[in-house]
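Let the hints inform the model, and build the full structure from the sequences given.
Number of protein chains: 2
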Amino acid sequence: MKACFFKLHGWLKVKKSIIKQLEPLFYPKSVAVIGASNNPAKWGFSIFNDLLVKGFKGDLYPVNKNEEKISGITCYKSVKDVPKPVDLAVIVVPAKIVPPIMKECVEKGVKTAVIISAGFREAGREGQKLEEEVVRIARQGGIRFVGPNCFGIINPFSNLSTTGLMSLYITPYVPKGSIAVITQSGNLGTFMLKLAFERGFGISKFVSSGNEADLHFEDHLEYMAEDPDTKVIVGYVEELREGRRFFEMAKEITEKKPIVILKAGRTKTGHKAAKAHTGALAGSDGVYDACFKQAGVIRVEEIQDLFDVAVTLVSQPLPRGNRVGIVTGGGGFGVVAADMCEELGLEIPPLTQETLQRLNQRLPPRWSHSNPVDLVGTMEYSYVCIGTLLKDENVDSVLAISSVGSPSKIFDQYPPAIRNQLAEFAEMMVEWESTRGVTGLIERIRKYQKPVILAAPPTSREESEAIREFEKNGIVVHPTPERAISLLTYITKYAEDRKKKSGAQNHNSFSRYSP
Amino acid sequence: MKACFFKLHGWLKVKKSIIKQLEPLFYPKSVAVIGASNNPAKWGFSIFNDLLVKGFKGDLYPVNKNEEKISGITCYKSVKDVPKPVDLAVIVVPAKIVPPIMKECVEKGVKTAVIISAGFREAGREGQKLEEEVVRIARQGGIRFVGPNCFGIINPFSNLSTTGLMSLYITPYVPKGSIAVITQSGNLGTFMLKLAFERGFGISKFVSSGNEADLHFEDHLEYMAEDPDTKVIVGYVEELREGRRFFEMAKEITEKKPIVILKAGRTKTGHKAAKAHTGALAGSDGVYDACFKQAGVIRVEEIQDLFDVAVTLVSQPLPRGNRVGIVTGGGGFGVVAADMCEELGLEIPPLTQETLQRLNQRLPPRWSHSNPVDLVGTMEYSYVCIGTLLKDENVDSVLAISSVGSPSKIFDQYPPAIRNQLAEFAEMMVEWESTRGVTGLIERIRKYQKPVILAAPPTSREESEAIREFEKNGIVVHPTPERAISLLTYITKYAEDRKKKSGAQNHNSFSRYSP
Numbered sequence: 044m045k046a047c048f049f050k051l052h053g054w055l056k057v058k059k060s061i062i063k064q065l066e067p068l069f070y071p072k073s074v075a076v077i078g079a080s081n082n083p084a085k086w087g088f089s090i091f092n093d094l095l096v097k098g099f100k101g102d103l104y105p106v107n108k109n110e111e112k113i114s115g116i117t118c119y120k121s122v123k124d125v126p127k128p129v130d131l132a133v134i135v136v137p138a139k140i141v142p143p144i145m146k147e148c149v150e151k152g153v154k155t156a157v158i159i160s161a162g163f164r165e166a167g168r169e170g171q172k173l174e175e176e177v178v179r180i181a182r183q184g185g186i187r188f189v190g191p192n193c194f195g196i197i198n199p200f201s202n203l204s205t206t207g208l209m210s211l212y213i214t215p216y217v218p219k220g221s222i223a224v225i226t227q228s229g230n231l232g233t234f235m236l237k238l239a240f241e242r243g244f245g246i247s248k249f250v251s252s253g254n255e256a257d258l259h260f261e262d263h264l265e266y267m268a269e270d271p272d273t274k275v276i277v278g279y280v281e282e283l284r285e286g287r288r289f290f291e292m293a294k295e296i297t298e299k300k301p302i303v304i305l306k307a308g309r310t311k312t313g314h315k316a317a318k319a320h321t322g323a324l325a326g327s328d329g330v331y332d333a334c335f336k337q338a339g340v341i342r343v344e345e346i347q348d349l350f351d352v353a354v355t356l357v358s359q360p361l362p363r364g365n366r367v368g369i370v371t372g373g374g375g376f377g378v379v380a381a382d383m384c385e386e387l388g389l390e391i392p393p394l395t396q397e398t399l400q401r402l403n404q405r406l407p408p409r410w411s412h413s414n415p416v417d418l419v420g421t422m423e424y425s426y427v428c429i430g431t432l433l434k435d436e437n438v439d440s441v442l443a444i445s446s447v448g449s450p451s452k453i454f455d456q457y458p459p460a461i462r463n464q465l466a467e468f469a470e471m472m473v474e475w476e477s478t479r480g481v482t483g484l485i486e487r488i489r490k491y492q493k494p495v496i497l498a499a500p501p502t503s504r505e506e507s508e509a510i511r512e513f514e515k516n517g518i519v520v521h522p523t524p525e526r527a528i529s530l531l532t533y534i535t536k537y538a539e540d541r542k543k544k545s546g547a548q549n550h551n552s553f554s555r556y557s558p
Numbered sequence: 044m045k046a047c048f049f050k051l052h053g054w055l056k057v058k059k060s061i062i063k064q065l066e067p068l069f070y071p072k073s074v075a076v077i078g079a080s081n082n083p084a085k086w087g088f089s090i091f092n093d094l095l096v097k098g099f100k101g102d103l104y105p106v107n108k109n110e111e112k113i114s115g116i117t118c119y120k121s122v123k124d125v126p127k128p129v130d131l132a133v134i135v136v137p138a139k140i141v142p143p144i145m146k147e148c149v150e151k152g153v154k155t156a157v158i159i160s161a162g163f164r165e166a167g168r169e170g171q172k173l174e175e176e177v178v179r180i181a182r183q184g185g186i187r188f189v190g191p192n193c194f195g196i197i198n199p200f201s202n203l204s205t206t207g208l209m210s211l212y213i214t215p216y217v218p219k220g221s222i223a224v225i226t227q228s229g230n231l232g233t234f235m236l237k238l239a240f241e242r243g244f245g246i247s248k249f250v251s252s253g254n255e256a257d258l259h260f261e262d263h264l265e266y267m268a269e270d271p272d273t274k275v276i277v278g279y280v281e282e283l284r285e286g287r288r289f290f291e292m293a294k295e296i297t298e299k300k301p302i303v304i305l306k307a308g309r310t311k312t313g314h315k316a317a318k319a320h321t322g323a324l325a326g327s328d329g330v331y332d333a334c335f336k337q338a339g340v341i342r343v344e345e346i347q348d349l350f351d352v353a354v355t356l357v358s359q360p361l362p363r364g365n366r367v368g369i370v371t372g373g374g375g376f377g378v379v380a381a382d383m384c385e386e387l388g389l390e391i392p393p394l395t396q397e398t399l400q401r402l403n404q405r406l407p408p409r410w411s412h413s414n415p416v417d418l419v420g421t422m423e424y425s426y427v428c429i430g431t432l433l434k435d436e437n438v439d440s441v442l443a444i445s446s447v448g449s450p451s452k453i454f455d456q457y458p459p460a461i462r463n464q465l466a467e468f469a470e471m472m473v474e475w476e477s478t479r480g481v482t483g484l485i486e487r488i489r490k491y492q493k494p495v496i497l498a499a500p501p502t503s504r505e506e507s508e509a510i511r512e513f514e515k516n517g518i519v520v521h522p523t524p525e526r527a528i529s530l531l532t533y534i535t536k537y538a539e540d541r542k543k544k545s546g547a548q549n550h551n552s553f554s555r556y557s558p
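Protein sequences, first through last, are from chains B and V.
Everything in the first sequence is counted per the working numbering, starting at 44 for the first residue and increasing by one.
Everything in the second sequence is counted per the working numbering, starting at 44 for the first residue and increasing by one.
FYI, nobody ran anything at the bench for these hints, they're computed from the structure.
Hints may contain errors.
Heads up, the list lumps identical chains together, so a pair's fine if it works in one copy or across two of them.
[Stated by the list, open to error] In silico DSS-like pairs for lysine-lysine, Cα to Cα no more than 25 Å straight-line:
| no. | residue 1 | residue 2 |
| --- | --- | --- |
| 1 | 536 | 434 |
| 2 | 72 | 300 |
| 3 | 434 | 315 |
| 4 | 127 | 100 |
| 5 | 536 | 311 |
| 6 | 146 | 318 |
| 7 | 434 | 127 |
| 8 | 544 | 515 |
Please read all numbers here as calculations on a predicted model, not as lab measurements.
Now the structure itself:
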């Protein structure tokens, strides 16, 4: 591992120019899709139509030696026949003809490429040779490329998506946002894109880096660090090719932008699977772990955490400490949450006399009179209670469980007279929860500069205007208290790390991530 | 804790008759709702209308001294005024008037009761006294009751629901099924009901046991053990009042019906929260843990696991060992899954030569050639591959990640010509996946008597006919591989425990839980 971690590469990098070199990759004036197809079962179909339909603003050229037109657009036999300059070539042809295709790209003067095709390093010795040949040709011609064996790139700021079929399922447009995704697994990337779309969160850039024959994770990281649209960088990693470079860069970047990483291949079995996947030499997990810790990288354990942590960092203030105020619609969730908080090192502090008095005024006498605050079914006060806890000086963050959600529109089962009564009631609650509630809560988060983490059972998700409203504002509503607490633990530990780093006098500098 | 765990109660139980005693609770011929209301903001409104709308077949009587009619039905000033016998009284009045109301129930000859009202043991000394008084009155009159401070009961087999407003959000009818839920938290119960409805799984009985002033968790357990509609019993526990009785019963029950339990209040903080919630003395977690282990109870750690484990036990065969075959739509998920499997004690065995050859015939040359099987984007073969792995003698269970789901209907963004092509393609895949795919897979699960655990990213859920079809058949589709592996670990460990218990010669007796 160590040998690999610090190994020198066969070519010299012109490091300082990476930002410039990747400009035509993320902001191309023209794109050629080599292997574009009229057959909907082919990636070449989906990728070309993705670009077409998503409204890419530059020139778009299908290249396929067997077709006259692709989706009604004039098709070229070779990239060399394209009448104008090509900034980006998306290559989606069988692995064995990628070298001659790359040669044509060099001859054409193409600046950057994305090689979607698989069958290289990950497929054994033959593939390894093929990959080396492609790198050699590209380097000679000065072409920087992503892949091979990848899922493509997305830049919502230039209406660019080379990700093909899967992304069609997701969304006509991946929304613009401030999270950059760099992933060594296309599928994991898709998973994150789906989450983003489902919840209405945006991304700034997306790169599925594949085998990283030319451009490495570290190159993309360097680019995202400078990208003005990116506030948080999220990564799925099986292997870091340039461990030393990563470490040096990450140390600096995390001072300004958080990096959230899921490092897989941490066990022997996982390591073996990673080798089969991208040919990665996953290496000793201990070395990675130490590297991430020292560099201030947030290492998460579950796929879902990657996006949840990133979204929360983008949209909420960091907690100033580990003391959590808990509000629940019912006591059982409070007990489960209390257990997990203690196990993960979060404290559930006593509330101040002032807070207790305020809550006494609001809640019926049977409320829990302590933290966790059990609303004992009086849901209409939940947002007010969250606000009261935010104000409490003993509390650094608030966890609200099952206290969002509003009556749904499924009252149709009732006789008309009852339905009307219910409708009135429901309207009142919806109004309270979605309009005043959400807005009021976001105002309070801003005012007190403390995060609020929400958990609500899954069915509420589809029903509740309030949940959609929260997620539009970057506040994730987690399906279970356990997931919410896991997230809260990550951001609390991150905040504590930064506090240690920057010294006590400066510990509120994190508020730059507030909404 | 020990003192509490084995403590003797102030009254003698007529144990043998519990089944008979609870008959009028779950199958009442008549129900009176004491505290029924015309005000939609009151539980008395929702509970009464729940019974009305859900089509309870017996006689239904609203009781409220201030109303002439409730939802158009003649209302009685007192339960004593009801002209016919009352099997079940649902009591939803302020705590302090519950004792005189219970006295009236005794005078009326009511057989059983559910006390929804809170403000008893959980609310301090005064409440404790009130609770003791209610118990005294009920015992003298021979009334067994659920609660107080609870969310009510549901029996879909008698169209009975006393759970009020929340259940209105969930479903007009909780579907009939074979999972019994006993919960010491109403909110956690609701969470499970919502999951059940969302995914189309049924329940056999539901009890929110509240403070358990009279009927204990153990009483409900004894009833569910004998209930012919119940195949698996799920419980949320903060405190077991009769530890010894629980242990003796559970040992016997788990021979026939699995018991899945989430025991909260395992930490000091959780313990404190439990005391505030239901007045529970949560006790030493070590004692509980040992008790569960010895009794063969499946103890889960997260809320979501409760239902997932139960559903899987009801609908799938148990694995014969810990060797997992993994199929993924892309390699990254395989790496993450391999890591987690190793960490949780599941093995990822090499595949037999026969299996490798079969897969070679189906998959393009670039497939992973090992376990995890990476389909490298060729999703159309996923069900066939799952079948091939099931057949492999090295494999005890199959985990399929991101290999369900079918193209959605969101092709509207495309120009008409492309849309038509896509529609044809989509139709083909939908047909493959939902009809042939799901049916074929379920047939194979039955044939090979091995479980298949599925994980697919969240967005697919709404889109995919296939996922709905799976869940209709009791096969949970998990949102992440981590959740799927957590579930698989629980059922694998349970299967291993039972194998040890029943001896090697008999290890396939678990197949009674197959669909």
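Hints, one by one, checked against the model:
Taking CA atoms no more than 25 Å apart as the test, residue 536 paired with residue 434 passes inside one copy only; the shortest distance there is 22 Å, against 46 Å between copies. In this homomeric assembly, residue 72 and residue 300 never come within 25 Å of each other (Cα to Cα): the closest approach is 29 Å inside a single copy and 65 Å across copies. Only between protomers do residue 434 and residue 315 lie at most 25 Å apart by alpha-carbon distance; the minimum there is 23 Å, versus 51 Å within a single protomer. Proximity of residue 127 to residue 100 under the C-alpha cut-off of 25 Å is restricted to the intra-copy arrangement: shortest distance 15 Å within a copy versus 77 Å between copies.
When the C-alpha separation of residue 536 and residue 311 is checked against a cutoff of 25 Å, the pair qualifies only between copies, where the shortest distance is 22 Å, while the shortest distance within a copy is 28 Å. Taking the shortest alpha-carbon separations for residue 146 and residue 318, neither the intra-copy value of 29 Å nor the inter-copy value of 73 Å comes in at or below 25 Å. Proximity of residue 434 to residue 127 under the C-alpha cut-off of 25 Å is found in neither arrangement, the shortest distances being 61 Å within a copy and 55 Å between copies. In this assembly of identical chains, the alpha carbons of residue 544 and residue 515 never lie at most 25 Å apart, being 32 Å within a copy and 52 Å across copies at closest.
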